[in-house]
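Visitor: In case you want the letters, here they are:
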Amino acid sequence: MRANSVLDLIGDTPLVDVSVLSPNPDVAILAKLEGQNPTGSVKDRVALFLVEDAERRGILRPGAVLMEPTSGNTGIGLAMICGLRGYTLKAVVADNVSEERVALLRMYGAEIVFSPGEEGSNGAVRLAQRLVAENGYVFLNQYENPANVEAHYRGTGPEIWRDCPEITAFVAGLGTGGAEAHVGTSGTLMGVGRYLKERNPAVRIVAVEPPSGELVQGLRSLDEGYTPPIFDQSVLDGKIVVRPGPSVEWARRILSETGIFSGLSCGAAMLAAARHAECVDRGTIVVLFPDGGWKYLSTGAWLEDMETVEATLDRVSIW
Amino acid sequence: MPVEVRLPTVLRQFAGGEAAVESEGATVGQVLADLSERYPGIAEQLSVGNSNDLPRFVNVYLNDEDIRYLDQLETQVAESDVISIMPAVSGGG
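Protein sequence lines correspond, in order, to chains A and B. Adding 2 to a residue's 1-based position in the first sequence gives its number in this note's numbering. Adding 364 to a residue's 1-based position in the second sequence gives its number in this note's numbering.
I should point out that these hints are in silico values taken from the structure, not numbers from a laboratory. Being a predicted model, the structure only gives us computed values, none of them experimental. Beta carbons: idealized from backbone N, C-alpha and C, even for Gly. Every clue listed holds true.
Chain B regions said to be covered by chain A (calculated; three or more residues, Cβ under 8 Å):
(1) 421-428
(2) 441-452
So the derived label-pair ranges between C-beta atoms look like this:
(3) A:Trp304 <-> B:Glu386: 36 to 44 Å
(4) A:Asp10 <-> B:Asp445: 49 to 57 Å
(5) B:Arg376 <-> A:Glu259: 38 to 46 Å
(6) B:Gln377 <-> A:Ala204: 44 to 52 Å
(7) B:Met365 <-> A:Arg58: 56 to 64 Å
(8) B:Asn427 <-> A:Arg59: 42 to 50 Å
(9) B:Pro419 <-> A:Phe116: 26 to 34 Å
(10) A:Arg59 <-> B:Glu386: 48 to 56 Å
(11) B:Ala442 <-> A:Ser21: 26 to 34 Å
(12) A:Pro148 <-> B:Asp417: 21 to 29 Å
(13) A:Gly65 <-> B:Gly381: 52 to 60 Å
(14) A:Arg87 <-> B:Ser411: 41 to 49 Å
Bound-form chain A, shown alone (with noise of 0.2 Å):
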């Protein structure tokens, strides 16, 4: 394999059988590895639609400046393609993501704004919404594009029916940044979601959300809630909500029982492939990895006994 350029890695990621941790031999369960992609998260396909479709539609041009709310992994794969490009980014971050994500987003030349952690992602998204109309940064925005649901209808969609047209379930989280997540951009789900109904209705959709637990305590009401504009209720089939504990452990099994290195949300996951599994009698699940493990190494998931990690894990976004 020859590419001439990193960009062109992006997507065309692994589907690997872990049919070892399904509890139902009748059911095939097979992950996509999105940890392989250049900056090691499923965003990097989000990250490349939305600059080249703003480079597309004149927004974009040489020596802008961008600024982006993001828990991590969609600023990495920014701050990645931007720097290739010639645009500076700015990205703003809720202070309680995880120690790696911040080293990778200054590694890949991102100045980073923090704001509170206690305002979770919201915080972030209205800091941006502020200082973007300050100064008049580009806004590319991922909670609102489509282009962040086009990257998945056009890219991992269509893999995942190349290379599994059997399949019958499609798990997957509903964010992958922000312990506090509760919808994420949802456009993994969005995405993917549509391109196999479409290409077979009976397809099941199932959603893997992390609690909004106490990481979010700046709502003073739940009209101050949010759910992205990309949204659609309709395209799912379920949701479940999965907590850290269960999260990290289920990430553990992946490790040992498959040997692949997952992220922690793909701990919760792979749980949520794995009750779907029991409640079918048959069929193939695709469950989406969308990163690896790396970026959390410093939350002890692995090595610390659970309640040293779940007491981490209170502080820290893992999704």
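Since chain A is already given, all that's left is putting chain B on it; use the hints.
Guide: Frame of chain A, contents of chain B only:
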């Protein structure tokens, strides 16, 4: 039939600071209506009323499943069930 209802931080102020309270009903809707009667501050936030729709920013889980994908407010509850109310907030990415 009493079931446990777990409250998000933002609603605890209306229930004496409790993280979980008991409420009664045979369906999720009945449980939430009973909860609203006991704690009027929560009623205002949930504004379920007679409508069968949850406000967009409110998510309700029966055990770990979002009731929007079960039978919504008509979803049946059993004694050992746990209902969790969570605000929808923007996530990562």
